[in-house]
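Residue numbers (my numbering), protein chains in the order written: chain A, 154 to 344; chain B, 154 to 344.
Hints listed in this document are in silico derivations from the structure and should not be mistaken for laboratory results. All figures in this text were calculated on a predicted structure; none of them were measured in a lab. Even for Gly, the Cβ is constructed at its ideal location relative to N, Cα and C. Incorrect hints may have been included.
[What the hints assert, rightly or not] Restraint ranges, calculated between C-beta atoms of paired labels, are given here:
1) B:GLY226 / A:GLY226: 16 to 24 Å
2) A:GLY226 / B:ASP293: 38 to 46 Å
3) A:SER303 / B:GLY304: 53 to 61 Å
Protein chains: 2
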Amino acid sequence: MSVNLTPPSLAIQRQDREALLDQTGKMIWFTGLSGSGKSTLANALEIELHHQGKKTFLLDGDVVRQGLNQDLGFSDEDRIENIRRIAHVAKLMMDAGLIVICAFISPFKAQRRLARELAGVNRFIEIYLNTPIAICEERDVKGLYQKARSGNLTNLSGLGSDYEIPENSEITIDTSITPIAEAIKQIQKLI
Amino acid sequence: MSVNLTPPSLAIQRQDREALLDQTGKMIWFTGLSGSGKSTLANALEIELHHQGKKTFLLDGDVVRQGLNQDLGFSDEDRIENIRRIAHVAKLMMDAGLIVICAFISPFKAQRRLARELAGVNRFIEIYLNTPIAICEERDVKGLYQKARSGNLTNLSGLGSDYEIPENSEITIDTSITPIAEAIKQIQKLI
Numbered sequence: 154m155s156v157n158l159t160p161p162s163l164a165i166q167r168q169d170r171e172a173l174l175d176q177t178g179k180m181i182w183f184t185g186l187s188g189s190g191k192s193t194l195a196n197a198l199e200i201e202l203h204h205q206g207k208k209t210f211l212l213d214g215d216v217v218r219q220g221l222n223q224d225l226g227f228s229d230e231d232r233i234e235n236i237r238r239i240a241h242v243a244k245l246m247m248d249a250g251l252i253v254i255c256a257f258i259s260p261f262k263a264q265r266r267l268a269r270e271l272a273g274v275n276r277f278i279e280i281y282l283n284t285p286i287a288i289c290e291e292r293d294v295k296g297l298y299q300k301a302r303s304g305n306l307t308n309l310s311g312l313g314s315d316y317e318i319p320e321n322s323e324i325t326i327d328t329s330i331t332p333i334a335e336a337i338k339q340i341q342k343l344i
Numbered sequence: 154m155s156v157n158l159t160p161p162s163l164a165i166q167r168q169d170r171e172a173l174l175d176q177t178g179k180m181i182w183f184t185g186l187s188g189s190g191k192s193t194l195a196n197a198l199e200i201e202l203h204h205q206g207k208k209t210f211l212l213d214g215d216v217v218r219q220g221l222n223q224d225l226g227f228s229d230e231d232r233i234e235n236i237r238r239i240a241h242v243a244k245l246m247m248d249a250g251l252i253v254i255c256a257f258i259s260p261f262k263a264q265r266r267l268a269r270e271l272a273g274v275n276r277f278i279e280i281y282l283n284t285p286i287a288i289c290e291e292r293d294v295k296g297l298y299q300k301a302r303s304g305n306l307t308n309l310s311g312l313g314s315d316y317e318i319p320e321n322s323e324i325t326i327d328t329s330i331t332p333i334a335e336a337i338k339q340i341q342k343l344i
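With the hints as extra help, turn the sequences into a complete structure.
Have a look at this one:
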């Protein structure tokens with residue numbers, strides 16, 4: 154006996170998942186140099202949204218590079234592939250109905266554009282953290298600038314590797330002068 | 154003036170997201186030959202779960218190969234990388250609190266084991282569709298068996314390419330004898 158398989162007439166779509174979650178999926182994309190404040194703001198934003206009952210996920214460099222992108226390094230080619238994959242993962246999560254917060258240096262315009270295109274109109278919010286590099290280097294949260302200055306790191310965005318400045322970000326924030334709470338307020342207005 | 158960045162003392166964790174979604178994140182993994190019924194059952198399962206108010210996402214081959222894994226082909230090496238990436242994406246989605254349904258031939262044990270390990274104890278349900286290959290070929294939903302028999306496809310799992318039979322699946326279903334509704338019931342008991 155053979156039971157014929159027929160594809161289900163109805164499949165669950167993004168709008169069904171969004172209705173169940175009672176929200177619209179979004180992609181919130183932080184870009185900026187190491188030390189510009191991406192992770193700090195992304196975390197603070199997620200905490201705020203979560204407490205409002207929004208269903209969120211935070212994709213950041215450390216998590217992704219330890220798992221999905223553990224095969225990639227920091228050459229231009231690998232940075233491009235790193236962000237290409239992340240953009241597609243963020244798209245899938247957005248299609249699940251989530252508000253996906255992405256915090257990556259994401260130094261090149263082309264991959265940021267890809268993320269924006271995948272998200273679609275009114276679903277992508279790019280936040281450029283234009284904190285001066287001198288401040289980023291002073292913070293040096295991960296010790297990367299020291300490594301770069303001492304010649305032990307050749308590919309740091311802003312020093313040995315390019316960072317292409319965004320031209321059409323929805324928001325630009327300098328975290329050396331804007332307090333976290335104020336920045337979060339500005340971002341929330343757009344979500 | 155420099156505002157010092159301090160990482161937030163509290164970050165949102167999987168348990169916080171699960172509490173908000175009122176469910177436990179899971180990874181439900183369908184494996185089996187082309188035509189064995191993976192997509193059909195995965196879709197039917199998602200519809201059922203969705204109607205129960207569960208927050209789900211369905212990862213399947215067509216979607217992933219058109220986006221995230223568009224750079225991969227069907228060599229053994231690429232099939233391995235295909236499933237490696239998917240396992241990591243499914244893990245991220247599970248950490249978002251979702252019940253992630255994965256429907257992939259996933260022919261090799263090592264990558265299915267990777268997915269299981271990433272999901273963790275009590276979060277992974279492997280469903281092996283052991284529908285006889287003769288039935289899969291008779292259905293030939295995608296026309297792949299015909300292509301393989303006529304020599305236009307060399308890498309089809311079960312014909313030109315290996316399929317390593319699962320040994321410790323949580324459920325085994327032959328969709329040529331088990332109706333969809335019955336199969337869904339069996340799976341739901343384990344979720």
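Here is what the structure says about each hint:
1. Distance hint check for GLY226 (chain B) and GLY226 (chain A): the Cβ-Cβ separation is about 23 Å, which falls inside the suggested range of 16 to 24 Å.
2. Evaluation of the 38 to 46 Å hint for GLY226 (chain A) and ASP293 (chain B) yields a pass: the beta carbon distance comes to about 42 Å.
3. For SER303 (chain A) paired with GLY304 (chain B), a C-beta distance near 59 Å keeps the hint of 53 to 61 Å intact.
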